[in-house]
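Protein sequence lines, in the order shown, are assigned to chains P and S. In terms of this note's numbering, the first sequence is residues 1 to 285. In terms of this note's numbering, the second sequence is residues 1 to 267.
Treat the hints as calculated values from the structure; they're not laboratory data. Just to be clear, a hint being listed does not mean it is correct.
Calculated pairs, EDC-like style, for lysine to aspartate or glutamate (alpha carbon to alpha carbon, straight line, at most 20 Å) [to be verified]: (1) S:Lys153 to S:Glu60; (2) S:Lys69 to S:Asp106; (3) P:Lys193 to S:Glu3; (4) P:Lys193 to S:Asp106; (5) S:Lys70 to P:Glu185; (6) P:Lys193 to S:Asp29; (7) S:Lys174 to S:Asp76; (8) S:Lys69 to S:Glu159; (9) S:Lys107 to S:Glu60; (10) S:Lys107 to S:Glu151; (11) S:Lys153 to S:Asp76; (12) P:Lys80 to P:Asp251.
For the chain P half of the interface with chain S, some residues (derived, Cβ under 10 Å), not all of them [said to hold, decoys possible]: (13) Asp72; (14) Asn84; (15) Gly85; (16) Gly92; (17) Glu93; (18) Arg124; (19) Asp182; (20) Met186; (21) Phe190; (22) Arg194.
Quick reminder that beta carbons are idealized off the backbone N, C-alpha and C, glycines included.
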Amino acid sequence: MTEESVKPALADAVRPRPGTVSAAQLEARGRKRRQRQDGLVLGAQILIGLSLIAGMYLLNATSGKLFMPRPDDVLAQSIKLWSNGTMLRALGESLTVLTFGFLLSAVTGILGGALLGGFHYVSRVLDPYVNALNSTPGAAFIPLIIVWFGLYTEAKVVLVWNAAFFPILINTAAGIANADRDLVEMGRAFGAKRASLFWNVMLPHALPSILSGLRIGAAISTVGTVIAELTMAQSGLGGLLAQAGNRFQMDKYFAVVIVLMALGTAITAALRYAERRIGAWRVTT
Amino acid sequence: MTEPLISLKNVGKLFGDGQVRALQDVSFDVRPGEFISLVGPSGCGKTTLLRIINGLISPEEGSVTVMGKKPEPGPDLAMVFQSARLLPWRTVSGNIEFALALRGHDKVERRSRALALLGAVGLRDFADAFPHQLSGGMQQRVGLARALAVEPKVLLMDEPFAALDAMTREVLRKELLQMWARRRMAIVFVTHDIDEAVYLSQRIVLLRPRPGRIDEVVDVALPEPRWEIDPRTTAQFAELRTHLWDRIHAMARDGEALEELASAFPM
Chain P
1 MTEESVKPAL
11 ADAVRPRPGT
21 VSAAQLEARG
31 RKRRQRQDGL
41 VLGAQILIGL
51 SLIAGMYLLN
61 ATSGKLFMPR
71 PDDVLAQSIK
81 LWSNGTMLRA
91 LGESLTVLTF
101 GFLLSAVTGI
111 LGGALLGGFH
121 YVSRVLDPYV
131 NALNSTPGAA
141 FIPLIIVWFG
151 LYTEAKVVLV
161 WNAAFFPILI
171 NTAAGIANAD
181 RDLVEMGRAF
191 GAKRASLFWN
201 VMLPHALPSI
211 LSGLRIGAAI
221 STVGTVIAEL
231 TMAQSGLGGL
241 LAQAGNRFQM
251 DKYFAVVIVL
261 MALGTAITAA
271 LRYAERRIGA
281 WRVTT
Chain S
1 MTEPLISLKN
11 VGKLFGDGQV
21 RALQDVSFDV
31 RPGEFISLVG
41 PSGCGKTTLL
51 RIINGLISPE
61 EGSVTVMGKK
71 PEPGPDLAMV
81 FQSARLLPWR
91 TVSGNIEFAL
101 ALRGHDKVER
111 RSRALALLGA
121 VGLRDFADAF
131 PHQLSGGMQQ
141 RVGLARALAV
151 EPKVLLMDEP
161 FAALDAMTRE
171 VLRKELLQMW
181 ARRRMAIVFV
191 THDIDEAVYL
201 SQRIVLLRPR
211 PGRIDEVVDV
221 ALPEPRWEID
231 PRTTAQFAEL
241 RTHLWDRIHA
251 MARDGEALEE
261 LASAFPM
């Protein structure tokens, strides 16, 4: 009885009629148009990249290598740093701090956010404290962290945790507190109790929000890692950066910056991908 | 005379710290297997009544019993909402399984029952689709299937067809009548569509607004089954709908008179 209402419409759309363009032809046209657009975008991007490199050469030629290193010197330094293991060791140290700090902030941020979002009383009580701590610039805590945790890996992990914790906490709390009221009522009408509502309705509904909190947190974690490595015992990519900068080795400095750039981009891209995969049901067409 | 399935006695409901009276002195019974409609203009507390019967909220005054007990959300009651209210991250079948899981069915049984119910509403092929891939009418069918899946004694329906297009609405009304004829659960159906109420129900509770209270209870003794013998062209149908409309127009006149009175005596 219901098939009829659905099927004919579909059949009509698929069946080719004389004088009209077939679906396959339309698809081919669309594909061609998309390819052309992709080509234009890629072409412009390559052009910008090349002019950046050309600009570096120009600045190098006019203002000297202290002001701007030659791109081929940067390349040579990169190869040297990668082949003698310096870069890999630095990357490893940075990734250790970054990973532990981020995971710690993810776990605590999501748990805390669930508590704040799920229990109105808790969020009302803690609201001024969360706001105050969140509004304080992260760098303000560096001396305290150094006094409490020292200058090495633990202290750096704590700094990263401190930086990434709040965006994750706040996004999680907001996602859970803003659970769709209609869906919650639906769950209640069918007899769902608090725990079931939380796991089956509120948490899945908050998942996209939690994931964007994680994405922001990860981006801040990379910043926090570099700041920790610059301000505490120098280590990792941040340490390398300081080392090169202090000695005005700009080619080395640029080689490190490129690695940081790639690292940040890779982390953000990975989390964006996860966000798209998990939040696929949000697509409404 | 059979024992009533649902019984409301002098129910009153206040909102906003007692400043707004939503319901006043509402009393009626629903018999097992009866199709009863709550009809009235907006602001007459139709949805509030439904939520009270479901046990989502409790009234300040009077008493409500469902099968002899204070109502609470659970196995005997199921609700169909105006929008389908499906969990968008679950498949169509997953949505029905959610309701079945709340009833404590095991995993294998949930899936097979969900598929059976989807077959009953003609959506078996869409079991693994996500709600956003379905049309509004199809989503509402899933909402109906979810409610039927738990085999409720009472089906509560809150303007379930109001947001659909006229054709889909007509098809779903017929399907609902057929489903009801087969299963004979009691249905409490909220609508503001007079024709729909007369067409579907055996009894109509007409409510007045501000505060919501009963204006009249009308028996609809039209021949069954109505999806075969369409009553909407009969004189009896016309008479009933004229009567109900007269009452509603009278309410509107009273409302205007009250408002005039209020403006004549500014507070």
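To see whether the hints hold, each was checked on the structure:
1. For the given pair, lysine 153 of chain S sits about 25 Å from glutamate 60 of chain S by alpha-carbon distance, which is inconsistent with the 20 Å threshold.
2. Under the criterion of a C-alpha separation no larger than 20 Å, the hint pairing lysine 69 of chain S with aspartate 106 of chain S is inconsistent with the structure, at around 27 Å.
3. Taking the CA atoms of lysine 193 of chain P and glutamate 3 of chain S, the gap is near 30 Å; set against the 20 Å cutoff, the hint is violated.
4. Taken as a hint, the lysine 193 of chain P and aspartate 106 of chain S pair is honoured in the structure, with Cα atoms around 18 Å apart against an allowance of 20 Å.
5. Between lysine 70 of chain S and glutamate 185 of chain P the CA atoms are separated by roughly 19 Å; this keeps the pair inside 20 Å, and the hint holds.
6. Pair hint lysine 193 of chain P plus aspartate 29 of chain S does not hold up; C-alpha atoms about 28 Å apart against a cutoff of 20 Å.
7. For a cut-off of 20 Å, the pair hint linking lysine 174 of chain S to aspartate 76 of chain S is broken: about 24 Å separates their Cα positions.
8. Distance hint between lysine 69 of chain S and glutamate 159 of chain S is unfulfilled; the C-alpha atoms sit about 26 Å from each other, more than 20 Å.
9. Simply put, lysine 107 of chain S and glutamate 60 of chain S have alpha-carbon atoms about 40 Å apart, too far for the 20 Å limit, and the pair is violated.
10. About 17 Å separates the Cα atoms of lysine 107 of chain S and glutamate 151 of chain S, which keeps this hinted pair within 20 Å; it holds.
11. Distance check on the hinted pair: lysine 153 of chain S and aspartate 76 of chain S sit about 5 Å apart at the alpha-carbon level, within 20 Å; holds.
12. With a CA separation close to 11 Å, the supplied pair lysine 80 of chain P and aspartate 251 of chain P stays within the 20 Å bound.
13. Proximity of aspartate 72 of chain P to chain S is violated relative to the hint, the smallest CB-CB distance being about 51 Å (cut-off 10 Å).
14. Violation of the interface hint for asparagine 84 of chain P is found here, the shortest Cβ-Cβ separation to chain S being roughly 50 Å, above the 10 Å cut-off.
15. Interface restraint check for glycine 85 of chain P: the shortest CB-CB distance to chain S comes to about 46 Å, outside 10 Å, so the restraint is violated.
16. With 10 Å as the threshold, the beta carbon of glycine 92 of chain P stays out of range of chain S, its nearest partner Cβ sitting at about 38 Å, so the hint is violated.
17. The restraint placing glutamate 93 of chain P at the interface with chain S is violated, with a minimum CB-CB distance near 39 Å, outside the 10 Å limit.
18. Interface hint status for arginine 124 of chain P: violated, as the beta-carbon distance to the closest one in chain S is roughly 19 Å, over 10 Å.
19. With a least beta-carbon distance of about 5 Å to chain S, the hint placing aspartate 182 of chain P at the interface is held under the 10 Å criterion.
20. Against a cut-off of 10 Å between C-beta atoms, the interface hint on methionine 186 of chain P holds, since the closest Cβ of chain S lies about 4 Å away.
21. Of the supplied interface hints, the one on phenylalanine 190 of chain P holds, with its beta-carbon coming within about 5 Å of a beta-carbon of chain S, less than 10 Å.
22. The restraint placing arginine 194 of chain P at the interface with chain S is violated, with a minimum CB-CB distance near 12 Å, outside the 10 Å limit.
Hints 1, 2, 3, 6, 7, 8, 9, 13, 14, 15, 16, 17, 18, 22, counting from the list given before, are not met by this structure.
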